[in-house]
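J.: Between the sequences and the hints, there should be enough to build the whole structure, so can you do that?
2 protein chains.
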Amino acid sequence: MSESAHGSDVQSVGTTADYDLETQEWVINTPTPADRKDWIGNAAAHGRAAAVFAQLIVGGENHGVHAFVVPIRGDDGEPLDRIRIEDSGHKLGLNGVDNGRLYFDSVRVPRENLLDRYGLVTEEGEYSSPIENPTARFFTMLGTLVQGRVSVGGAGLSVAKVAVTTAIRCGNLRRQFGPPGGGEEVLLLDYRAHQRRLLPLLARTYAMHFKQAELVERLDLVFGGEDEDPDARRLLETAAAGFKAAATWHAVECLQTGREACGGMGYLSPGGFAARKADAEIFTTFEGDNTVLLQLVAKSLLTGYREEFGELNPIGMAGFIASRVIERFVERTAARELWGRIWDELTPNSEEDGDLKHREYQLALFAWREDHVLASAARRLKRGIDEGYDPFEVFNACQDHVLVAARAHVDTQILEAFAHGVEECDDEGSREVLSRLCDLHALSTIEKHRGWYQEHGRISSTRSKAVIRNVNRPCEELRPHAGNLVEALRVPDSVLPEFGPTPTAFLR
Amino acid sequence: MSESAHGSDVQSVGTTADYDLETQEWVINTPTPADRKDWIGNAAAHGRAAAVFAQLIVGGENHGVHAFVVPIRGDDGEPLDRIRIEDSGHKLGLNGVDNGRLYFDSVRVPRENLLDRYGLVTEEGEYSSPIENPTARFFTMLGTLVQGRVSVGGAGLSVAKVAVTTAIRCGNLRRQFGPPGGGEEVLLLDYRAHQRRLLPLLARTYAMHFKQAELVERLDLVFGGEDEDPDARRLLETAAAGFKAAATWHAVECLQTGREACGGMGYLSPGGFAARKADAEIFTTFEGDNTVLLQLVAKSLLTGYREEFGELNPIGMAGFIASRVIERFVERTAARELWGRIWDELTPNSEEDGDLKHREYQLALFAWREDHVLASAARRLKRGIDEGYDPFEVFNACQDHVLVAARAHVDTQILEAFAHGVEECDDEGSREVLSRLCDLHALSTIEKHRGWYQEHGRISSTRSKAVIRNVNRPCEELRPHAGNLVEALRVPDSVLPEFGPTPTAFLR
Chain A
10 MSESAHGSDV QSVGTTADYD LETQEWVINT PTPADRKDWI GNAAAHGRAA AVFAQLIVGG
70 ENHGVHAFVV PIRGDDGEPL DRIRIEDSGH KLGLNGVDNG RLYFDSVRVP RENLLDRYGL
130 VTEEGEYSSP IENPTARFFT MLGTLVQGRV SVGGAGLSVA KVAVTTAIRC GNLRRQFGPP
190 GGGEEVLLLD YRAHQRRLLP LLARTYAMHF KQAELVERLD LVFGGEDEDP DARRLLETAA
250 AGFKAAATWH AVECLQTGRE ACGGMGYLSP GGFAARKADA EIFTTFEGDN TVLLQLVAKS
310 LLTGYREEFG ELNPIGMAGF IASRVIERFV ERTAARELWG RIWDELTPNS EEDGDLKHRE
370 YQLALFAWRE DHVLASAARR LKRGIDEGYD PFEVFNACQD HVLVAARAHV DTQILEAFAH
430 GVEECDDEGS REVLSRLCDL HALSTIEKHR GWYQEHGRIS STRSKAVIRN VNRPCEELRP
490 HAGNLVEALR VPDSVLPEFG PTPTAFLR
Chain B
10 MSESAHGSDV QSVGTTADYD LETQEWVINT PTPADRKDWI GNAAAHGRAA AVFAQLIVGG
70 ENHGVHAFVV PIRGDDGEPL DRIRIEDSGH KLGLNGVDNG RLYFDSVRVP RENLLDRYGL
130 VTEEGEYSSP IENPTARFFT MLGTLVQGRV SVGGAGLSVA KVAVTTAIRC GNLRRQFGPP
190 GGGEEVLLLD YRAHQRRLLP LLARTYAMHF KQAELVERLD LVFGGEDEDP DARRLLETAA
250 AGFKAAATWH AVECLQTGRE ACGGMGYLSP GGFAARKADA EIFTTFEGDN TVLLQLVAKS
310 LLTGYREEFG ELNPIGMAGF IASRVIERFV ERTAARELWG RIWDELTPNS EEDGDLKHRE
370 YQLALFAWRE DHVLASAARR LKRGIDEGYD PFEVFNACQD HVLVAARAHV DTQILEAFAH
430 GVEECDDEGS REVLSRLCDL HALSTIEKHR GWYQEHGRIS STRSKAVIRN VNRPCEELRP
490 HAGNLVEALR VPDSVLPEFG PTPTAFLR
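Residue numbers (the numbering used here), protein chains in the order written: chain A, 10 to 517; chain B, 10 to 517.
If you're looking for bench data, these hints aren't it; they were derived computationally from the structure.
Mixed in with the good hints there might be a few duds.
Because identical chains share one entry, a pair is satisfied inside a single copy or across any pair of copies.
Straight line, CA to CA, 25 Å or less: simulated SDA-like cross-link-like pairs of lysine to any residue [stated by the list, open to error]:
#, residue 1, residue 2
1, Lys457, Ala60
2, Lys474, Glu486
3, Lys391, Gln408
4, Lys474, Ala406
5, Lys474, Glu402
6, Lys366, Glu31
7, Lys366, Ser439
8, Lys366, Glu456
9, Lys457, Gln408
10, Lys366, Gly397
11, Lys457, His410
12, Lys474, Glu507
13, Lys457, Asn481
14, Lys474, Arg392
15, Lys366, Ser160
16, Lys474, Gln408
Keep in mind the model is a prediction, meaning the values are calculated, not measured.
T.: Below, the structure is given as structure tokens:
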């Protein structure tokens, strides 16, 4: 799919597939070196055939990007005639994957090699597709990427689990500095700063664990054919895109903070951070660059998952958005309706800390932020269009705003999954600890955005300080459970460094 | 210096140097495996002698950590008798440095091998030191680390320069996606989100460039013997510690964001991010762990650079702090005095954006934050002590607060250096661009802390939104200068990947 000049913008790939009516063959071409296929997994050394995404052209008319099966190597493993193959080069990590480049010089494949679920060409060169709108057709084809995205998000989450487990185990064994005047040295994890670095990451890892489980279940329903509602599929695509971005950035953060929390020991290869940092580094930009994916999420939200942003007249879209936002409020869950009714009682003048621990209140703060950022982004877009500015310029000026809306949406989804997971927990003792962990996750996220909440009058300056106190508190309360909480993540010992009674045992 | 069980807490190293009165020798010992010297540069393969930090013991009395010259290898390159040497192991990066471990089994060296500038032992075993207080003596010895810290901070800054230069050059060449309906594809750096990711990092890199230049100059004055004032030395140590933390974390951020901004191309080894990410990774924790260094900065601030925190009675310290804070206001520069006088006129009710561009106002916001966080941390410490809590528990509960104070201090120092650099610029056109870059740096930092500023009534919610607008604006205005601004950083072409008219030229 990817080409050197077109990574994120797959719709504009340069590779062409021209239908030759006489021989009933496709002629695959790489028009310029920038149009070469790049980063293709297994292409450099081993691949025998490729699914090549190319502009489908019949009689000079371009029907957009479609996939073609193209043999690239013979039984002897040598590249076939008219196909040039290169290695993409040495990489920061994942060098066990032989990413390669493919150049096609009028390579011919039979008509049947078009993968024709969404677009068919007859022997006579007549094109037809079950999906009329070319953009909708293209995005439907791209929909298969959802499986890869759920997988990469899951891989990111796994890496995060390993990183926080390693760092918290280490912080539970490694001592440094004693109280002034002597006394036993202090475990790293007993330092407030260390708790503040690691425990919110642990909480977020748990939150994502529940979201990932939900995504996999939905993936099974949709791709297993049990849920054929196209809306369900679009919702899944959006959720997978958003979660992939969140989980892979979370992985990078856990690896970085975890490595630093382990100090020099984290820098040693046997500590595991070296290989994981290298391999997981690309997660944030492959299978869809995270920023581009968040933009897709925002587009889905702005259009109510119903249409493709690219094809929408921005003026029409802006109008649509307004109604959509109202509609979304109606669709709110019971908890959110409750929030709507009791909001004025709770805020902004209530300065008690207590309700910061109410899950409904936390969810309401998340939901309110998502709705507000999305609605205000929509209003800005509409205003720009109304004032006659170039639609692309308008969108670009609001790009950051739109990305914040997407992040806020993903945050809400993740908190909801965690809250649901807490409710489902049968064991009362575990549920209580999980619930505090969920508090920590919710409140440390609200803490990050407390500038925004104050700007929008949703929390007062006094309550904002209370939020900080209410991040410190669960850190303290969860400290004794930290060991059990990482064990419950069930990271196999085989992927963890050895820990023992002395820090030296960390070093195999 | 470092041992496996004592990295940050050098004062507690386990290695001992017992004075043998009969032979007038030092007997160097590694009491347990955890006390082995670790991470020692050049020790694993090549080093012939080491400066070994050990507890100096005479007749059973421990005089604290001192440095001893200990030969470790003979002319044949083999470890000497009673010395065991191991490689510290394979690392995430910097594998060209043969970090090693040293174990001493009653290794004997002559009395003269004590490096005795700060502590002397006569033939008869009488200890004397020009510095009475053992903690003060220890920290004076550690003062030599300042040179290493200025160097590592500088290395971090250099890495940051390479990373932002690479990413901005790439963003100025690489195009992706066009406006809906066709038209030329858009340069990555023309996207608002891309500007927002990279330009504040460029601005902060410039800010640090000016601070680093100032530090090197002061290092030269102090270590060149031109400024022998002990306060000047302590100030330099604090500045070096704070800058080292800020610059190395900045390097990590620039490498991560820069790599992501270059997408898959940034993942290729020839792009340069691979090696730099690996090597610079350890910067944040070696030559002093960043968190520990920031704690040292806070301690210096809290004690007015005059005494060692460890030796201070915390109750006395808290009282001392209060007077110190008042004193600091008196010491303020003219700009800050001005701010003091005009503050009420400017805020919090002025909702005009204009003054956000006033350097004095920006500096005042930074200084006010620093003073306020420091003063409130001091008050919390004092209150905890007054209420009779264990001093270590009190400090630990405030640890995060204290670290924020240190960061705020470093931020102020860096902005002041940038502001000074702008003033010193002779060329009017350049000065104007630099000044906007300084605005971007100041306002994007204020934006990060806008939650805090609102909590403390220093900016209103309306003004907080204005801050965001005033980060967007210089991003837009500086966009056309981005290319020149990175060229002016003068990163040698030899350390940059090749860029050409097509993105493929990025890949050598």
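J.: Each hint: holds or not?
T.: How the hints compare with the structure:
1. Lys457 x Ala60: neither (43 Å within a copy, 45 Å between copies)
2. Lys474 x Glu486: within (19 Å within a copy, 35 Å between copies)
3. Lys391 x Gln408: within (14 Å within a copy, 47 Å between copies)
4. Lys474 x Ala406: Between copies only: 16 Å across chains, 33 Å inside a chain, cut-off 25 Å.
5. Lys474 x Glu402: Classified as between: cross-chain Cα gap 21 Å, same-chain 38 Å, threshold 25 Å.
6. Lys366 x Glu31: neither (72 Å within a copy, 69 Å between copies)
7. Lys366 x Ser439: Intra 17 Å, inter 53 Å, cutoff 25 Å: intra-copy only.
8. Lys366 x Glu456: For Lys366 and Glu456, only the intra-copy Cα distance (14 Å) is at most 25 Å; the inter-copy one is 28 Å.
9. Lys457 x Gln408: both (20 Å within a copy, 19 Å between copies)
10. Lys366 x Gly397: neither (46 Å within a copy, 30 Å between copies)
11. Lys457 x His410: Answer is both; intra-copy 16 Å and inter-copy 16 Å each pass.
12. Lys474 x Glu507: neither (40 Å within a copy, 49 Å between copies)
13. Lys457 x Asn481: both (14 Å within a copy, 20 Å between copies)
14. Lys474 x Arg392: between (35 Å within a copy, 18 Å between copies)
15. Lys366 x Ser160: For Lys366 and Ser160, the Cα distance exceeds 25 Å both inside one copy (33 Å) and across copies (47 Å).
16. Lys474 x Gln408: Between. Shortest inter-copy distance 16 Å satisfies the 25 Å Cα cut-off; intra-copy 30 Å does not.
In this structure, the hints that do not hold are numbers 1, 6, 10, 12, 15, in rising order.
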